[in-house]
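Participant: The whole structure should be built from the sequences, with the hints applied where relevant.
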Amino acid sequence: MSFNKITSFFACFIFVCVSINAQLLEPFLSAPQLNPAPFTSAVAGGTGLIEFKLNQVDEDIILTAGDPIFISVQMQNISPINGTAAVAGSASSLFNWTYDSGTNTLLGEQNNTISGDLYSGGITIDINVDMDTEEQQILNGFTASLIQSSSISATNDLTNDIVSAYSWAGSDITKSVTFLPSVVNGLNSSMYIQCRVIEQNNVPTEGPITVILPRDARLTFAYDSNLTSDPLGTVDNQDWTYDGTNTSFHIWTLNTSIAADGISKFSMLDVSYDPQETSGVVPYTFSILAGSGSENNFSNNIDVETLSYFSN
Numbered sequence: 001m002s003f004n005k006i007t008s009f010f011a012c013f014i015f016v017c018v019s020i021n022a023q024l025l026e027p028f029l030s031a032p033q034l035n036p037a038p039f040t041s042a043v044a045g046g047t048g049l050i051e052f053k054l055n056q057v058d059e060d061i062i063l064t065a066g067d068p069i070f071i072s073v074q075m076q077n078i079s080p081i082n083g084t085a086a087v088a089g090s091a092s093s094l095f096n097w098t099y100d101s102g103t104n105t106l107l108g109e110q111n112n113t114i115s116g117d118l119y120s121g122g123i124t125i126d127i128n129v130d131m132d133t134e135e136q137q138i139l140n141g142f143t144a145s146l147i148q149s150s151s152i153s154a155t156n157d158l159t160n161d162i163v164s165a166y167s168w169a170g171s172d173i174t175k176s177v178t179f180l181p182s183v184v185n186g187l188n189s190s191m192y193i194q195c196r197v198i199e200q201n202n203v204p205t206e207g208p209i210t211v212i213l214p215r216d217a218r219l220t221f222a223y224d225s226n227l228t229s230d231p232l233g234t235v236d237n238q239d240w241t242y243d244g245t246n247t248s249f250h251i252w253t254l255n256t257s258i259a260a261d262g263i264s265k266f267s268m269l270d271v272s273y274d275p276q277e278t279s280g281v282v283p284y285t286f287s288i289l290a291g292s293g294s295e296n297n298f299s300n301n302i303d304v305e306t307l308s309y310f311s312n
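Following my numbering, the numbering of the sequence shown begins with 1 at its first residue and continues without gaps.
Treat the hints as calculated values from the structure; they're not laboratory data. For each residue, glycine too, the CB sits at the ideal point set by N, CA and C. Hints are not guaranteed to be accurate.
Derived Cβ-Cβ restraints for the label pairs, each shown as a range [claimed, not checked]:
# : residue 1 : residue 2 : range
1 : E277      : Q137      : 36 to 44 Å
2 : T256      : A31       : 33 to 41 Å
3 : S299      : I138      : 17 to 25 Å
4 : S248      : S90       : 56 to 64 Å
5 : N312      : P36       : 55 to 63 Å
6 : L232      : L49       : 50 to 58 Å
7 : N246      : G122      : 51 to 59 Å
8 : L49       : E134      : 34 to 42 Å
Facilitator: Here you go:
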């Protein structure tokens with residue numbers, strides 16, 4: 001074998017050996033999640049959990065003095081409960097955590113060896129929901145970034161070092177009211193009214209829900225808290241408390257939660273309307289008070305039903 005061939009052989013052998021023994025220091029972040037998603041509403045002191053994973057695909061990453069890896073968790077419209085005490089999970093102890101309330105950022109500094117061989121450790125953070133946002137505005141969430149050290153820079157892939165998850169917070173309730181019949185002739189005592197309060201954003205309501213109706217001396221009824229059905233079907237009168245003492249409004253209050261995409265209904269039978277020897281039309285406005293059920297969309301809280309009446 002010639003000298004040149006021998007030299008080439010050993011060069012290739014050394015290259016292969018170096019390649020086989022080279023470390024692949026490639027930590028990355030994965031699996032960002034929010035729980036629940038959507039978040040519960042800040043109006044009622046909503047809380048939740050954010051989660052993501054730290055992974056290393058090959059060799060252990062030894063802590064190098066003065067050259068640690070950092071993880072930054074920047075939050076928007078949410079904040080950690082009790083600062084650094086909110087951080088947990090199997091990988092969280094590999095970092096010393098600090099919290100900057102001004103930038104709403106948790107920063108973890110590597111304090112130990114990060115295990116390799118496809119190690120996957122979770123990091124979780126208990127959070128408060130600080131502001132409600134609508135479904136059309138996905139503004140509650142976090143971005144977690146892995147900040148590399150110089151010891152991993154040669155093999156680290158920057159494209160998988162950032163993960164994020166964003167959602168919104170708050171339920172949305174609306175209402176629908178039915179008057180039957182909607183036309184009365186003379187004194188009528190065979191009407192009934194059903195009011196349906198509907199959660200339509202797949203988030204359970206939190207806290208009281210209040211519905212009001214301005215008083216009209218011509219419209220009278222007795223509320224039956226034991227009523228379980230009306231001509232339209234089942235109702236939930238036992239869940240609603242009626243207050244008839246206010247001189248300006250009829251008031252109904254629900255103190256139980258409406259399930260995500262659920263409905264709660266109350267009804268009045270034997271409703272009487274006295275046209276007082278006149279004819280015309282009269283609108284009745286049922287309103288959900290703003291903030292009821294910890295919702296954040298108040299634009300659909302009013303339903304107006306029009307009653308036509310004749311003297312005889």
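Participant: Against the earlier hints, flag every one the structure doesn't satisfy and list their numbers going up.
Facilitator: 1, 6 and 8
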